[in-house]
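Number of protein chains: 2
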Amino acid sequence: MQSHPGNVFVISAPSGTGKSTLANRLVASLDNLIFSISTTTRAPRTGEVEGKDYFFVDDAAFDEVVRANGFIEWVQVYEKRYGTGRAWLQSVLDSGQDVLLDIETTGAMNLRRAIPDAVMIFILPPSAKELERRLRGRGKDSEAQVKARMNHARHELELYHAYDFLVVNEDLETSYRQMESIVWATRVRRERMVGRAQEILRGF
Amino acid sequence: MQSHPGNVFVISAPSGTGKSTLANRLVASLDNLIFSISTTTRAPRTGEVEGKDYFFVDDAAFDEVVRANGFIEWVQVYEKRYGTGRAWLQSVLDSGQDVLLDIETTGAMNLRRAIPDAVMIFILPPSAKELERRLRGRGKDSEAQVKARMNHARHELELYHAYDFLVVNEDLETSYRQMESIVWATRVRRERMVGRAQEILRGF
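Protein chains in written order, with this note's numbering: chain C, 767 to 970; chain P, 767 to 970.
Chain C extracted, bound-state conformation (with noise of 0.2 Å):
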C-alpha cells in the first residue's frame, strides 16, 4: 500500500467478546471512520445489502481478484472467502477517511504484513470463565459448539502478542472508552501531524 492520509484500525476478537458491539458503537459515534467493506463468496442474509454489508461475488470473479493480487488479504471460513479488496481501500483512504477492519487473526496477520503502520486492537474476554459464560448466556450454541468455540478461542488468544492495543472486555463503557481513545491517540501521532507541524513552523 502506497502511504496515505487515512488510518488503518484492525479489530480482532473471539467470539463472545464483544467486539461487534463495540466496533459498531465506534463507527456510529465517530467522525470519519467507516468499517472496511468484504468481498464475499457467501450468499447475502436476509437484510444485507450489496456495497454496503459485502461486495457478493462468485467464485470465479473471486478466483480472479486473488490472481490479480486485488486482495489486501483473504481467508477461507469454511467454505466461503472474504477479502478486503486493494483498490477499495486505497480509495477510500486517500479521501483521508479512516477505516475499521473486523477480521479474524488470520486476515489480521496478513492485513499486518500488507499495511504494517495499521493500528491493531485485539479484545479479550476478562477471563476464560466469563466467555464461557456469555457463550452459554447467548443460548445460540449447542454443547459441542461452545466447546469448539473455547478451544477457537484459545487459538485466537495466543496470538495477542501480534496486536498493538490489547481491550480486556470486562466493564462494556471503559473497554469503549479504551477504543475510542486508541483511535484518537492515532490521529495525532506525529506521522499523522508532520504536514500540520511543518505548515505552523513555516509561519515563524
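These aren't lab readings, by the way, just hints derived from the structure by calculation. Be a bit skeptical, because a hint or two may be false.
In this list, chains with the same sequence are indistinguishable; a pair is considered to hold if it fits within one copy or across any two.
Derived SDA-like pairs: lysine to any residue, alpha-carbon spacing no greater than 25 Å straight-line [stated by the list, open to error]:
#, residue 1, residue 2
1, 895, 970
2, 818, 808
3, 913, 813
4, 895, 925
5, 913, 836
6, 818, 896
7, 846, 903
8, 818, 830
It should be emphasised that the depicted structure is a prediction, and the values quoted were computed from it without experimental measurement.
Given the structure of chain C, go ahead and fit chain P onto it with the hints provided.
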C-alpha cells in the same frame, strides 16, 4: 531505568500554548497520574511547598546528585538548575503510578535517552500569529520579551519530530480530549497488558 509498571508522559510546548492548563486538568482528572516533582536550585516562590511543587536544594547539593548520576535529566535555565531525580521517579513508577513531566525540549531530549519508552507529547500553537496574539493578550511581557519568546518558540517547534504525539491547541476541549486519549491508549498498549493477557490465556 529498569522496566516498571507505571508510564512516563512528557509534555513540552512553547510558552503561551496552553500547556499548563492542559497538564493541570489532566492530572486533576485522571486517576493514577501525578506530576513529576523536580529538584531545583531556584528559591521557592510564595505559596510553593517543598516536596509538593519542587524539592528545593542549594547548588552544592545539586552538584552532588549530578556527580552521583542521580538525575534522569537536568537542565540549566538562566542561573538556575532543574532536574528529575532518578530514585524518586523509579520509586513512583514501581508503585504503579503514571508520571507526567512538564519539561522543556532540552530536558525532554535527555529524558528520551534515559527512558526510551517515555510517551512524549508536544503541544503546538495553531499558528505563529495566534501564539503572538496570546502572548500579547496575557499582558505579562514587554515587546522585547514577546519577540524573544517567539524566537524561542521557533527553536522549540523545530524539535517536534522528536515527540510521539503532536497536539495543536486550537480548541482547548479538543486538545484536552486528545491528551486524555493518549494516556488512556498508552495504558492498553500491548507492552503494558502482556501480564494480564498471559494470565487470561492460562485460564483456557
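Hint by hint, here is what the structure shows:
1. 895 x 970: between (59 Å within a copy, 8 Å between copies)
2. 818 x 808: Within one copy, since 15 Å is at most 25 Å while 64 Å is not.
3. 913 x 813: neither (30 Å within a copy, 64 Å between copies)
4. 895 x 925: within (20 Å within a copy, 49 Å between copies)
5. 913 x 836: neither (36 Å within a copy, 56 Å between copies)
6. 818 x 896: Answer is neither: 33 Å inside a copy and 43 Å across each miss the 25 Å cutoff.
7. 846 x 903: For residue 846 and residue 903, neither the intra-copy (28 Å) nor the inter-copy (65 Å) Cα distance is at most 25 Å.
8. 818 x 830: Classified as within: same-chain Cα gap 22 Å, cross-chain 67 Å, threshold 25 Å.
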